[in-house]
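Protein chains in written order, with numbering that gives the first Met the number 0: chain A, 0 to 221; chain B, 0 to 221.
Hints are supplied without guarantee of correctness; some may be wrong.
Said to hold, decoys possible - Here are some chain A residues pointing at chain B (derived, C-beta under 7 angstroms):
| no. | residue |
| --- | --- |
| 1 | GLU8 |
| 2 | ASP87 |
| 3 | LEU92 |
| 4 | TRP99 |
| 5 | GLY102 |
| 6 | THR103 |
| 7 | PRO106 |
| 8 | ALA146 |
| 9 | GLN156 |
| 10 | ALA157 |
| 11 | ALA170 |
| 12 | GLY173 |
| 13 | GLY174 |
| 14 | LEU178 |
Since the hints were derived computationally from the structure, they do not count as laboratory data. This structure is a prediction, so every number in the text was calculated from the model and none was measured. All C-beta atoms, glycine included, are put in the ideal place defined by N, C-alpha and C.
There are 2 protein chains.
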Amino acid sequence: MQLYELCGEDRERRFSPYTWRIRLALAHKGLAFETCPTRFTEIPAILGGGQTSVPVLVDGEAIVRDSFAIAEYLEETYPDRPALFGGDGGRRLSRFVESWVTGTLHPQIVGLVVADIHAILSEADKTYFRQSREGWFKGVTLEEKQAGREERLPAFQASLDPLRAHLKRAAFMGGEAPLFADFILAGTLTWPMKVSDLELFEPGDPVLDWYRRVMAINGGRP
Amino acid sequence: MQLYELCGEDRERRFSPYTWRIRLALAHKGLAFETCPTRFTEIPAILGGGQTSVPVLVDGEAIVRDSFAIAEYLEETYPDRPALFGGDGGRRLSRFVESWVTGTLHPQIVGLVVADIHAILSEADKTYFRQSREGWFKGVTLEEKQAGREERLPAFQASLDPLRAHLKRAAFMGGEAPLFADFILAGTLTWPMKVSDLELFEPGDPVLDWYRRVMAINGGRP
Numbered sequence: 000m001q002l003y004e005l006c007g008e009d010r011e012r013r014f015s016p017y018t019w020r021i022r023l024a025l026a027h028k029g030l031a032f033e034t035c036p037t038r039f040t041e042i043p044a045i046l047g048g049g050q051t052s053v054p055v056l057v058d059g060e061a062i063v064r065d066s067f068a069i070a071e072y073l074e075e076t077y078p079d080r081p082a083l084f085g086g087d088g089g090r091r092l093s094r095f096v097e098s099w100v101t102g103t104l105h106p107q108i109v110g111l112v113v114a115d116i117h118a119i120l121s122e123a124d125k126t127y128f129r130q131s132r133e134g135w136f137k138g139v140t141l142e143e144k145q146a147g148r149e150e151r152l153p154a155f156q157a158s159l160d161p162l163r164a165h166l167k168r169a170a171f172m173g174g175e176a177p178l179f180a181d182f183i184l185a186g187t188l189t190w191p192m193k194v195s196d197l198e199l200f201e202p203g204d205p206v207l208d209w210y211r212r213v214m215a216i217n218g219g220r221p
Numbered sequence: 000m001q002l003y004e005l006c007g008e009d010r011e012r013r014f015s016p017y018t019w020r021i022r023l024a025l026a027h028k029g030l031a032f033e034t035c036p037t038r039f040t041e042i043p044a045i046l047g048g049g050q051t052s053v054p055v056l057v058d059g060e061a062i063v064r065d066s067f068a069i070a071e072y073l074e075e076t077y078p079d080r081p082a083l084f085g086g087d088g089g090r091r092l093s094r095f096v097e098s099w100v101t102g103t104l105h106p107q108i109v110g111l112v113v114a115d116i117h118a119i120l121s122e123a124d125k126t127y128f129r130q131s132r133e134g135w136f137k138g139v140t141l142e143e144k145q146a147g148r149e150e151r152l153p154a155f156q157a158s159l160d161p162l163r164a165h166l167k168r169a170a171f172m173g174g175e176a177p178l179f180a181d182f183i184l185a186g187t188l189t190w191p192m193k194v195s196d197l198e199l200f201e202p203g204d205p206v207l208d209w210y211r212r213v214m215a216i217n218g219g220r221p
């Protein structure tokens, strides 16, 4: 298997939340893969062209795009390995978790680290990233978007209250073992951690303990 | 089947969030039941004694307590009816949804309607409720707890953002059809609506559209 993953100027710096969801899913299922670190501006050229985003997973003849679709593919193709969804209900509720994470946490994370993301990109990617993101932000610069982030950190931390409530009685969102829902959120938290020195959480926050438990699946590798 | 449900002075006013979860689960599975409206102070006497909370479901020989345990019982006992969990992963992620709802929404709802709850209780229940809750609140009265609730309403509404994000692409938390996760949240929202005239949401909020879709399962009955 080959996994095409977003990277910074340093190809070892893989920071995409969506790709991390799949790294963790592959580790959970015990499936080895070769990494293909890819910069933003290199995506159109991979696999002979036609790709617009990563992750892309190549498994023999199969080429699968989109992190949720890749998780579905892995669950269907390798059903005897540890579960990512644990049935159709789990698959559907994972979509709810994905909506929560991507819909409410991602916009906040962008406001916390978007200029830091820019800083770790290659020159060509920097140009692409600034232009596309400042277009999304309707002319607000990356630096303006990130300014004053310390004031917004408490609200971001409070967004994780549903997880804190759950961790009072379970080790993982999936109960005693993690499910893809755990990897969705852990992948998203890895994203700012990979690009920024900003401390997202206070020491001792149960969210951090949960995060370490999930990342242990990846052999503790950051 | 018999369902013991919490009620106000008016036995038709059934307001327990936990019981509503089960009313909706029974309707979803197409299972008829006889309601046994029970006031707080009547709970110790039901079923020959020994009960400390409702809902309690009686199904032939089986007596099942605790809303989540009842849902698990129904899913196991009536597997050919529409699914509540859709497999073990769905059951486990429903616990995460339950933690979110009970852990983060319930304390806020208490602050919005706790004096309104008191107002609809029988005289004996009023005494019990004030004493027990003001004990939990360490001496803060029910009226003090509820005072200034309009200021806290925006934060409560914002707590539903994960659902709003999800509703952009799915009709229910369970996807195209509701699952017990939907009933957990809908049951909780029914609770303040049954005891208070407070408008929890702005007209046109997608949360209200979702709520109506879920309650339609109950034949639209309030």
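Right, here's what the structure says about each hint:
Proximity of GLU8(A) to chain B is violated relative to the hint, the smallest CB-CB distance being about 32 angstroms (cut-off 7 angstroms). The beta carbon of ASP87(A) is positioned within 7 angstroms of a beta carbon in chain B (closest approach about 5 angstroms), and the interface hint is therefore held. Because the smallest distance between the Cβ of LEU92(A) and any Cβ of chain B comes to about 4 angstroms, under 7 angstroms, the interface hint for this residue holds. Hint status for TRP99(A): holds, given a least beta-carbon distance of 4 angstroms to chain B, under 7 angstroms.
Annotation: GLY102(A) was flagged as interfacial toward chain B, and the flag holds, the nearest CB pair being 2 angstroms apart, inside 7 angstroms. At about 5 angstroms, the closest approach between the beta carbon of THR103(A) and any beta carbon in chain B falls short of 7 angstroms, and the interface hint on this residue holds. With a cut of 7 angstroms, the hint placing PRO106(A) at the interface with chain B is violated, because the nearest CB-to-CB distance is about 10 angstroms. For ALA146(A), the suggested interface contact is broken, since its CB lies about 23 angstroms from the closest CB of chain B, more than 7 angstroms.
Against a cut-off of 7 angstroms between C-beta atoms, the interface hint on GLN156(A) is violated, since the closest Cβ of chain B lies about 13 angstroms away. Taking 7 angstroms as the C-beta cut-off, the interface hint given for ALA157(A) is violated, the closest approach to chain B being about 9 angstroms. Hint status for ALA170(A) relative to chain B: violated, with the closest Cβ pair at about 11 angstroms, above 7 angstroms. The interface hint given for GLY173(A) is met, as the beta carbon of that residue sits about 5 angstroms from the closest beta carbon of chain B, less than 7 angstroms.
Because the smallest distance between the Cβ of GLY174(A) and any Cβ of chain B comes to about 4 angstroms, under 7 angstroms, the interface hint for this residue holds. Interface restraint check: LEU178(A) against chain B, minimum CB-CB distance 6 angstroms, threshold 7 angstroms, status holds.
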